[in-house]
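A.B. asks: Respectively, the protein sequence lines represent chains A and B.
At position 323 of the first sequence the residue is numbered 323 (our numbering), and the sequence of numbers has no breaks.
At position 272 of the second sequence the residue is numbered 272 (our numbering), and the sequence of numbers has no breaks.
Some clues are possibly wrong.
Unchecked claim - Calculated cross-link-like contacts (lysine to aspartate or glutamate; reagent style DMTMM-like; alpha-carbon spacing at most 25 Å): (1) A/199 / A/224; (2) A/119 / B/201; (3) B/327 / A/298; (4) A/316 / B/7; (5) B/314 / B/324; (6) A/316 / B/197; (7) A/213 / B/197; (8) A/316 / B/195; (9) A/119 / B/324; (10) A/119 / B/195; (11) A/213 / B/195.
Calculated from the structure, these hints are not laboratory results.
Quick caveat, the model's predicted, so the values are computed rather than measured.
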Amino acid sequence: MKSTRRTRILATIVFVALVGVVLYTAIVFTGVSTYVMLQTFVGAIFLGGFYSVVAAGLTVNFGITRILNVAHGELMIIGAYVTYFLTLYLGIEPLFTIPFAVLVVALIGIPIQRFLISKPQKDPGGREGMFLSFLILVSLSLIFQNSMTLAWTANDRAVHSILTGTRFNLFGVIIPILRLVVFIIAVASILCIDLFMYKTSVGKKILATVQEKTAARLVGINVDRMYLYAFVIASAAAGLAGSLIGIATSFNPYSGLLYVLYAFAVMTMSGLEKVKGTIVVGLLMGLLESYAGLFLGEVFRYTIVFLVLLITLVVKPTGLFGKVKH
Amino acid sequence: MKLNIHENLKKIISTRNIVLISLFIIVGLLPLMINTGYVYRLLFFFSLYIALAQAYNLIAGYTGQYSFGNAVFFGIGAYGVASVWMLGTWYTGMSIGMIVGIAVAILVSLIHLPLFRLVGMFFAMGTLFVNEVLKAIMLRWDAIGGVSGIVLSTHGTYNLPAACYLTYFFSIVVIFLIYEISNAKIGYAFKTVRENEVLAESMGIHPLKYKALAFAINALIIAIAGGIFAYVQLFIEPSSVFDIDWSLLPCYMMMIGGKGTVWGPVIGAVFYTTLLEAVSGLRELQMLFFGAVVILVVLFTPHGLYGMFETLSKLIKGEKKLGEVLKVFFQKVKL
Numbered sequence: 001m002k003s004t005r006r007t008r009i010l011a012t013i014v015f016v017a018l019v020g021v022v023l024y025t026a027i028v029f030t031g032v033s034t035y036v037m038l039q040t041f042v043g044a045i046f047l048g049g050f051y052s053v054v055a056a057g058l059t060v061n062f063g064i065t066r067i068l069n070v071a072h073g074e075l076m077i078i079g080a081y082v083t084y085f086l087t088l089y090l091g092i093e094p095l096f097t098i099p100f101a102v103l104v105v106a107l108i109g110i111p112i113q114r115f116l117i118s119k120p121q122k123d124p125g126g127r128e129g130m131f132l133s134f135l136i137l138v139s140l141s142l143i144f145q146n147s148m149t150l151a152w153t154a155n156d157r158a159v160h161s162i163l164t165g166t167r168f169n170l171f172g173v174i175i176p177i178l179r180l181v182v183f184i185i186a187v188a189s190i191l192c193i194d195l196f197m198y199k200t201s202v203g204k205k206i207l208a209t210v211q212e213k214t215a216a217r218l219v220g221i222n223v224d225r226m227y228l229y230a231f232v233i234a235s236a237a238a239g240l241a242g243s244l245i246g247i248a249t250s251f252n253p254y255s256g257l258l259y260v261l262y263a264f265a266v267m268t269m270s271g272l273e274k275v276k277g278t279i280v281v282g283l284l285m286g287l288l289e290s291y292a293g294l295f296l297g298e299v300f301r302y303t304i305v306f307l308v309l310l311i312t313l314v315v316k317p318t319g320l321f322g323k324v325k326h
Numbered sequence: 001m002k003l004n005i006h007e008n009l010k011k012i013i014s015t016r017n018i019v020l021i022s023l024f025i026i027v028g029l030l031p032l033m034i035n036t037g038y039v040y041r042l043l044f045f046f047s048l049y050i051a052l053a054q055a056y057n058l059i060a061g062y063t064g065q066y067s068f069g070n071a072v073f074f075g076i077g078a079y080g081v082a083s084v085w086m087l088g089t090w091y092t093g094m095s096i097g098m099i100v101g102i103a104v105a106i107l108v109s110l111i112h113l114p115l116f117r118l119v120g121m122f123f124a125m126g127t128l129f130v131n132e133v134l135k136a137i138m139l140r141w142d143a144i145g146g147v148s149g150i151v152l153s154t155h156g157t158y159n160l161p162a163a164c165y166l167t168y169f170f171s172i173v174v175i176f177l178i179y180e181i182s183n184a185k186i187g188y189a190f191k192t193v194r195e196n197e198v199l200a201e202s203m204g205i206h207p208l209k210y211k212a213l214a215f216a217i218n219a220l221i222i223a224i225a226g227g228i229f230a231y232v233q234l235f236i237e238p239s240s241v242f243d244i245d246w247s248l249l250p251c252y253m254m255m256i257g258g259k260g261t262v263w264g265p266v267i268g269a270v271f272y273t274t275l276l277e278a279v280s281g282l283r284e285l286q287m288l289f290f291g292a293v294v295i296l297v298v299l300f301t302p303h304g305l306y307g308m309f310e311t312l313s314k315l316i317k318g319e320k321k322l323g324e325v326l327k328v329f330f331q332k333v334k335l
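Model the full assembly from the supplied sequences, consistent with the hints where possible.
C.D. replies: Encoded structure:
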């Protein structure tokens with residue numbers, strides 16, 4: 001155990017040093033000012049926060065209970081609409097609508113799990129069930145997208161908060177307060193999910209159920225209930241992520257897909273089971289993306305990210321923090 | 001010996017084969033009778049989706065490697081035809097360009113070699129990354145169109161029916177190929193790799209080799225499909241031919257139909273296209289209705305549509321009793 005920890009620390013140091021060297025050379029060769037560098041850093045961190053919080057919900061869904069939730073993005077957007085309408089009609093400050101969004105999406109999650117997912121999940125084959133749930137969820141995401149478009153049109157929506165436009169100046173770098181608050185909420189909620197999954201008894205029961213269903217049932221765990229809890233937690237995380245995205249940026253019924261695609265990458269790279277790992281990987285991806293955009297041009301923004309992720313996967317086939325092969 | 005030949009003949013001229021061949025001929029003749037561009041296009045998409053779903057079936061259904069990056073081969077096939085076409089005429093495009101596309105696609109499938117040790121989701125994401133990187137390269141490659149894509153000029157030689165029949169014939173060949181593979185030694189090797197890699201290795205089946213082989217055949221089929229697609233559409237751009245839809249739709253169809261079976265993907269592709277056309281009259285409600293029908297189908301046929309047909313045929317033949325089947329059905333479908 002100790003040796004692996006030491007290698008991990010060593011690897012982190014090497015990685016950070018490598019990034020530092022690359023950045024330094026980039027600064028020297030392109031002549032970008034330190035101010036731009038730092039400003040990009042701030043933007044990148046906030047962007048990475050979004051990726052992390054979306055990926056955290058997906059990790060509970062796929063990494064832990066093996067449901068490839070393609071409809072996660074649409075659940076997120078429902079959360080964003082909850083925030084939007086509460087702000088629009090009741091005039092509540094957007095940041096305070098987050099609990100409502102979480103609640104609504106978690107409640108939507110219950111019938112989805114009960115009527116659509118629970119049957120494939122019970123399939124003794126296991127693998128079979130995962131792909132059946134994939135099919136159902138793809139169809140569900142189609143239904144959600146189109147019903148949202150029908151009900152609320154495909155227009156881009158944005159929420160206006162008291163904090164919108166406020167900022168403070170830190171050593172010449174402008175930090176938007178709203179984004180900072182959103183980022184802090186995102187990271188805090190990921191840590192909460194992590195604590196819940198690994199430290200509380202319900203979380204441990206969920207993990208036990210996923211590891212060995214029959215044994216879990218033998219020691220008196222209500223297996224069906226645990227699957228329901230896991231899905232509801234993931235849905236709640238989706239509602240939270242959607243609400244945050246609604247507050248900090250604009251959204252439409254179709255914008256969930258891009259976030260989910262990215263979050264899949266983040267989830268995979270953090271090793272599927274590690275909720276906490278999504279913070280690190282999400283931030284790294286945000287940084288990578290932003291600096292690639294800064295130094296190599298906007299067009300190469302995503303190319304570099306995908307290339308680096310590809311190389312990382314080849315070098316470490318179980319993601320950055322994963323141990324077990326799946 | 002005489003008896004043997006007789007039996008072989010009997011095997012070839014079985015009812016099943018006769019029904020299948022006549023079905024193929026009837027479906028092939030339908031567009032000739034109706035003769036509108038719409039019907040030809042429909043036949044084209046039927047055949048294209050059958051080929052793509054069948055290719056996906058080979059890697060996912062038989063070999064157990066789910067990929068999110070199959071679009072890369074589709075795009076390469078399309079670009080192979082389009083870029084050579086741009087230099088010469090449609091004829092060089094369809095002949096030399098197709099070969100170039102196939103060759104490059106197989107080469108790219110070999111790039112996936114280091115990815116084959118990844119498992120499950122990691123492999124799927126890895127293939128997606130390859131696809132995205134190649135898409136970005138194509139977006140920047142201005143010599144072959146770049147972002148704006150390639151418009152193919154036909155000089156009046158465009159022949160939609162011919163292309164449709166080519167695709168139709170091609171899809172039949174693909175079905176036949178998958179059928180042959182599934183019954184051959186190599187097919188059993190694929191299935192062993194799917195079920196248990198360690199076991200496969202212990203029996204002398206090299207998992208990496210068979211995964212690479214399955215992936216190369218998959219690349220070949222998809223590249224040809226992409227080439228024909230470029231001819232039929234006459235306009236291609238990186239963001240449309242390298243789109244993730246070309247990887248996920250075949251997966252979707254294969255699973256609706258039933259994975260790991262020869263006829264499952266065919267049924268799935270036909271079901272998908274027919275349903276989408278059938279609900280197209282509903283306008284805005286189209287995708288809503290489509291999603292609902294697919295959910296119902298998936299809930300009530302846990303082993304795909306093919307599994308349902310199989311059970312039905314067993315019922316008709318009297319191999320299974322109705323009560324037994326219903327019992328299993330209600331056990332599986334517990335709402």
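A.B. asks: Could you run down the list of hints and mark each one as holding or not?
C.D. replies: We went through each hint and held it up to the structure:
1. Using a Cα cut-off of 25 Å, the hinted pair residue 199 of chain A and residue 224 of chain A holds, with the two alpha carbons roughly 21 Å apart.
2. For the hint linking residue 119 of chain A to residue 201 of chain B, the alpha-carbon distance of about 34 Å lies beyond 25 Å, and the restraint is violated.
3. For the hint linking residue 327 of chain B to residue 298 of chain A, the alpha-carbon distance of about 59 Å lies beyond 25 Å, and the restraint is violated.
4. The hinted pair formed by residue 316 of chain A and residue 7 of chain B fails the criterion: a straight-line CA distance of about 55 Å is larger than 25 Å.
5. Taking the CA atoms of residue 314 of chain B and residue 324 of chain B, the gap is near 12 Å; set against the 25 Å cutoff, the hint holds.
6. Taking the CA atoms of residue 316 of chain A and residue 197 of chain B, the gap is near 20 Å; set against the 25 Å cutoff, the hint holds.
7. About 23 Å separates the Cα atoms of residue 213 of chain A and residue 197 of chain B, which keeps this hinted pair within 25 Å; it holds.
8. The straight-line distance between the Cα atoms of residue 316 of chain A and residue 195 of chain B is roughly 24 Å, inside the 25 Å bound, and the hint therefore holds.
9. Pair hint residue 119 of chain A plus residue 324 of chain B holds up; C-alpha atoms about 20 Å apart against a cutoff of 25 Å.
10. Between the alpha carbons of residue 119 of chain A and residue 195 of chain B the distance comes to roughly 23 Å, so the proposed pair stays at or under 25 Å and holds.
11. For a cut-off of 25 Å, the pair hint linking residue 213 of chain A to residue 195 of chain B stands: about 21 Å separates their Cα positions.
Of the hints listed earlier, those the structure fails to meet are numbers 2, 3, 4, in rising order.
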